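Engineer: Here the protein sequences come in this chain order: A and B.
Quick note: the first sequence uses the numbering used here, first residue 1, plus one each step.
Quick note: the second sequence uses the numbering used here, first residue 1001, plus one each step.
Among the hints, erroneous ones may be present.
Unchecked claim - Simulated restraints on C-beta separations:
1. A:45 to B:1249: 41 to 47 Å
2. A:250 to B:1204: 53 to 59 Å
3. B:1268 to A:107: 32 to 38 Å
4. B:1068 to A:202: 55 to 61 Å
5. B:1068 to A:281: 15 to 21 Å
6. A:12 to B:1108: 42 to 48 Å
7. A:107 to B:1271: 48 to 54 Å
8. B:1261 to A:28: 48 to 54 Å
9. B:1172 to A:170: 37 to 43 Å
Stated by the list, open to error - Covered by chain A, per the in silico footprint, the following chain B stretches (three or more residues, Cβ under 8 Å):
10. 1027 to 1035
11. 1045 to 1053
12. 1101 to 1115
13. 1127 to 1134
14. 1143 to 1152
15. 1157 to 1169
Unchecked claim - Among the chain B residues that face chain A by a calculated CB cut under 7 Å, a handful are:
16. 1092
17. 1137
18. 1138
19. 1140
Derived by calculation from the structure, the hints in this document are not laboratory data.
Here the structure is a predicted model, which is why all the values come from computation and not from measurement.
Beta carbons are placed, not taken as given, at the ideal position from N, Cα and C, and that holds for glycine.
Residue strings, one per chain:
2 protein chains.
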Amino acid sequence: MQVRTDFENILTSSAQIIENELKSYLNVENSNGLNEIMGYSLLSNGKRIRPFIVIEAYKLFSKSTDIKPAIPYACALEMIHTYSLIHDDLPCMDNDDFRRGKPTNHMVYGEDMALLAGDALLTYAFEVLANNNYVSDKSVRLATIALSKYSGFAGMAGGQMIDLNIQKKPLTYEEIKNMHALKTAALIKCALVLGYLAADDAPKAEIVSDLEKFAQNIGIAFQIRDDILDKISNSDTLGKPVGSDEKNQKTTSLSFLSLSDAEAEVKCLTNEAINTIIKYYEGYNGEQTLIELANYMINRQK
Amino acid sequence: MQVRTDFENILTSSAQIIENELKSYLNVENSNGLNEIMGYSLLSNGKRIRPFIVIEAYKLFSKSTDIKPAIPYACALEMIHTYSLIHDDLPCMDNDDFRRGKPTNHMVYGEDMALLAGDALLTYAFEVLANNNYVSDKSVRLATIALSKYSGFAGMAGGQMIDLNIQKKPLTYEEIKNMHALKTAALIKCALVLGYLAADDAPKAEIVSDLEKFAQNIGIAFQIRDDILDKISNSDTLGKPVGSDEKNQKTTSLSFLSLSDAEAEVKCLTNEAINTIIKYYEGYNGEQTLIELANYMINRQK
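Chain A with its partners taken away, still in its complex shape:
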């Protein structure tokens, strides 16, 4: 399947909706200025891929184009993603001074404030999620469990744990994939499941399992594509230095696979992902946006 040439426009217009919603969530009183520091990182015109997935999964399973029930879940997940970036950038973690071309949160506000803003975003995510007035109490309960599970020690935080331990012992290719499954794929799984839960508060285990498989495969494919771009791209296209993995002697998929094997693996994982969910599009009148997204992600040049 071809990716539409205007797929980036579709992403952009979805991101604009999310940007406005996030802004209104941070327009609060009594925050002692903490909302400004949270907003510095949250309102940074990201691609908003995870919220996009929440909304598109919701549309697929609800058959509705009124996306209001999916918005709070989408914003909550973006807050979780953003808190993880703020904390990962801290000196005691990855010690990054810049992200998306602007100084990281702690470079502007100090480490203490960045730590606190991350904590506050993580905490606020659950309030935003639970204050969703367009869904049932049961949907909120299940969504709370999902958001916690996929982002906690059995999900994203667990992946970060593996990443921090990398320097201490060499990883196998299976372990690398497991790390990406947790660090990257877990929040994609979460996005799909939250969208599904916004549409249906009696989720079928089989559908959840298919959504998880789809996310697992495109998450790992995405990371391998990242490793490939770090090797073959140039810094102008990529918008960040290339060759950094090799320079830092970082163990990546390319420590185990040749470039052509890695490219084949990306295609294979993506096809497998698409095959897992294509059946849910049967009889669906809307666009196959999740499948387009999978193809978009592996064809991206940056």
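Guided by the hints, dock chain B onto chain A, whose structure is given.
Structural biologist: Chain B alone, transformed into the frame defined by chain A:
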């Protein structure tokens, strides 16, 4: 009202129940070892005052002695309290090497792991809370909102924000009290409201307001008592160095009040607190544990 001489025993036996529950919550697979680091701080034989309040408020409003519905809420709150201690102890915050006589989390596992373990505890709290099978979906939704609100930027995290800013400008006594209302009283409010929500998923605004007033007053009284002990106690009794506030030129309630005025303020706030909730004990067959706790907290010597 006199505090029973065995009130400490009552606290201790409640703490033992919570300790065992917390232990079982951390007995998980697939945590990549993160649960051990979370457990180092979580399973440290604290007084478990907040879980105690959750359970006693639950008993008061449910009129039941079967505390199962309150346990997950109590444990979730203790996880939030513990994450805040781990993060507050980090070098970029208060930079403390010891807590309760043992090395702080980052002294043992490193800053990166301590940060991550704090994040994972904060995240897990919401899963523990939402997996409460003894309460309704509506109770869980309201409890999620409460836990987030009282611990986030409008609550505990907001209080920490003021605390971090103290060095930058002198605070008034009202601002000091506002900081304690957020840093300390917010989680006591949360404990009472969670206990109430475990008993009743259609909370009356008037009762919530009374519980908040009670918590606000005992929270501030507790902090003033802390300031007094730092001045009049000795380090053997207190179990930590005394006179540290003066040494660090820290603005406390004693920067504004004489010792006897501070003692009077503690008594006054406590009486006011008790008067706010005493009516809920009318016709209640159990013990007046929340009132005993208020008296216990201001009479403590450490």
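Engineer: Each hint needs a verdict: does it hold in this structure or not?
Structural biologist: Right, here's what the structure says about each hint:
{"no.": "1", "hint": "A:45 to B:1249: 41 to 47 Å", "result": "holds, 43 Å"}
{"no.": "2", "hint": "A:250 to B:1204: 53 to 59 Å", "result": "holds, 57 Å"}
{"no.": "3", "hint": "B:1268 to A:107: 32 to 38 Å", "result": "violated, 46 Å"}
{"no.": "4", "hint": "B:1068 to A:202: 55 to 61 Å", "result": "violated, 25 Å"}
{"no.": "5", "hint": "B:1068 to A:281: 15 to 21 Å", "result": "violated, 44 Å"}
{"no.": "6", "hint": "A:12 to B:1108: 42 to 48 Å", "result": "holds, 46 Å"}
{"no.": "7", "hint": "A:107 to B:1271: 48 to 54 Å", "result": "holds, 49 Å"}
{"no.": "8", "hint": "B:1261 to A:28: 48 to 54 Å", "result": "violated, 36 Å"}
{"no.": "9", "hint": "B:1172 to A:170: 37 to 43 Å", "result": "violated, 57 Å"}
{"no.": "10", "hint": "1027 to 1035", "result": "holds (count 7)"}
{"no.": "11", "hint": "1045 to 1053", "result": "violated (count 0)"}
{"no.": "12", "hint": "1101 to 1115", "result": "holds (count 5)"}
{"no.": "13", "hint": "1127 to 1134", "result": "holds (count 4)"}
{"no.": "14", "hint": "1143 to 1152", "result": "holds (count 7)"}
{"no.": "15", "hint": "1157 to 1169", "result": "holds (count 7)"}
{"no.": "16", "hint": "1092", "result": "holds, 4 Å"}
{"no.": "17", "hint": "1137", "result": "holds, 4 Å"}
{"no.": "18", "hint": "1138", "result": "holds, 5 Å"}
{"no.": "19", "hint": "1140", "result": "holds, 5 Å"}
The structure does not agree with the numbered hints 3, 4, 5, 8, 9 and 11 stated previously, though it agrees with the rest.
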